[in-house]
Amino acid sequence: MEILEYARPRNMDEAFRLIRERRGTAIGGAAWLRTNTKIMTLGVDLAGLGLEYIREAGGCIEIGAMTTYRELETSPLLKSRFGSLFDATVSHVVGIQLRNIITVGGTVAGRYGFSDLNTTLCALGAKVVFYPGQTLALADFIEKGAGGPFLLEKILLPASMKAAYQQMRISENDFPIINTTSAWTGSGWRIAVGSRPAATRLCRRAMAFLGDEPRPSDEKIASASQIAADELQFGSDIRASAEYRREILPALVRRALVEVRG
Amino acid sequence: MTIRLNVNGKQNTIDCQAGEMLTEVLRRAGYLEVKKGCDTGNCGACTVLVDGKPVLSCSYLAARAEGREITTIQGLAEEARAFARFLTAEGADQCGFCAPGFALTVLSMKKELHNPDEAEIRHYLAGNLCRCSGYEGQIRAIKKYLEAEHA
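Chains A and B, in that order, give the protein sequences.
Quick note, the first sequence lines up with residues 1 to 262 if you use my numbering.
Quick note, the second sequence lines up with residues 1001 to 1151 if you use my numbering.
Fair warning: there could be bad hints in the mix.
To be verified - Covered stretches of chain A (in silico footprint by chain B; criterion: 3 or more residues with CB under 8 Å from a CB of chain B, positions within the stretch not fixed):
| id | region |
| --- | --- |
| 1 | 3–9 |
| 2 | 91–98 |
| 3 | 180–190 |
Unchecked claim - Computed cross-link-like contacts, SDA-like style, restricted to lysine to any residue with a CA-CA straight-line distance of at most 20 Å:
| id | chain 1 | residue 1 | chain 2 | residue 2 |
| --- | --- | --- | --- | --- |
| 4 | B | K1110 | A | E73 |
| 5 | A | K79 | A | S91 |
| 6 | A | K38 | B | A1018 |
| 7 | B | K1010 | B | Q1074 |
| 8 | B | K1053 | A | S75 |
For the record, the hints were derived by calculation from the structure and aren't laboratory data.
Backbone N, C-alpha and C define an ideal beta-carbon position, used for all residues, glycine too.
All chains, full assembly: derive it from the sequences and hints.
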């Protein structure tokens, strides 16, 4: 990607003005700029704005937009609240050197189809906070976008949740063929599927089918897993056909649900 | 645009384009030990440390590196030489192209992980590809290097 002008704002107000009034584009990790052929008129670098944090506040976990994958992977707070979920979700992404660059905000803002992280965040019921204060459910943002220029500030997660991530790749470090995360919220199930290869979607019919039963039977889990595959649309690309993805998905959903149920 | 980069403790004033990545800028400034491999964020040959953390310089915006401490393999030459002796002894260094990035990642791992097992070593080094060695010699070298360092 070619960047015609580069700006490093000193605070969030300045960054927001550059994005809204001068049609600037926020730069997160910038790891994919290399392989993008577009021209960015004004790149607004979000580094140095204090958006690198994982903390507990107001009964939620807040993750700043410039937090890296490596920070997610090694966070003691996330490990204490979600077990090995974040490690399992992001540790397949190339190598540590790239995970020290890629940011949560860049991944979420890009709504990338191949994302591992967006799948897990959707299953956890994450919310996206845009500066100066608008909040959207991540699943809605991924489906519909923000409806105009935006500055992503942070992600909100519930304080803790039991969830499990499953994926299939042709080889380690490649993009996933398909991925899924299941979570028990305490009052219901959430199932998200990504890399279809289109962006992450919730499996609402499968979630409704499981209802509020915290320990569904193996048979019920198997049925829910098939419903998930039946309710989603899949596409074909260089990694797999739509049919293959549809065949594989139920096994992954079942494994994730069983892992959470115990 | 003009940026000031602190590389191995030395200040450099360098002209660069707004969207240029760090590999190109460092090599143009004479830091040819930063290897240009796949140039797509996959192979690890271009690894440098930014504020002590290993990053792929081919995927790191040069302008963002201003004000940060950049370390190439030359900046850790003494430690790298100590590790290289183990690589050589295990026959794990062939064409050598991946070695600067590989050694920087190993030195970073040594600081970050305490006494890593083989699975942890392989996981930490998953982003450093070597087309020659098959990795077995490198793993042996790393284990022996870490044992010697902890002795």
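Comparing the hints with the structure gives:
1. Only when three residues or more bring their CB closer than 8 Å to a CB of chain B does the claim for the region 3–9 of chain A stand; here the count is 5, and the claim holds.
2. Restraint check on the region 91–98 of chain A versus chain B: 6 residues with Cβ-Cβ distances below 8 Å, three needed, restraint holds.
3. Beta-carbon proximity to chain B at under 8 Å applies to 0 residues in the region 180–190 of chain A; the threshold of 3 is not reached and the given coverage is violated.
4. Restraint check: the Cα-Cα separation between K1110(B) and E73(A) comes to about 18 Å, which is no more than 20 Å; the hinted pair holds.
5. Only pairs whose Cα atoms come within 20 Å are accepted, and K79(A) paired with S91(A) is accepted, the gap being roughly 14 Å.
6. About 14 Å separates the Cα atoms of K38(A) and A1018(B), which keeps this hinted pair within 20 Å; it holds.
7. Using a Cα cut-off of 20 Å, the hinted pair K1010(B) and Q1074(B) holds, with the two alpha carbons roughly 12 Å apart.
8. With a CA separation close to 16 Å, the supplied pair K1053(B) and S75(A) stays within the 20 Å bound.
Violated hint for the displayed structure: number 3, the only one.
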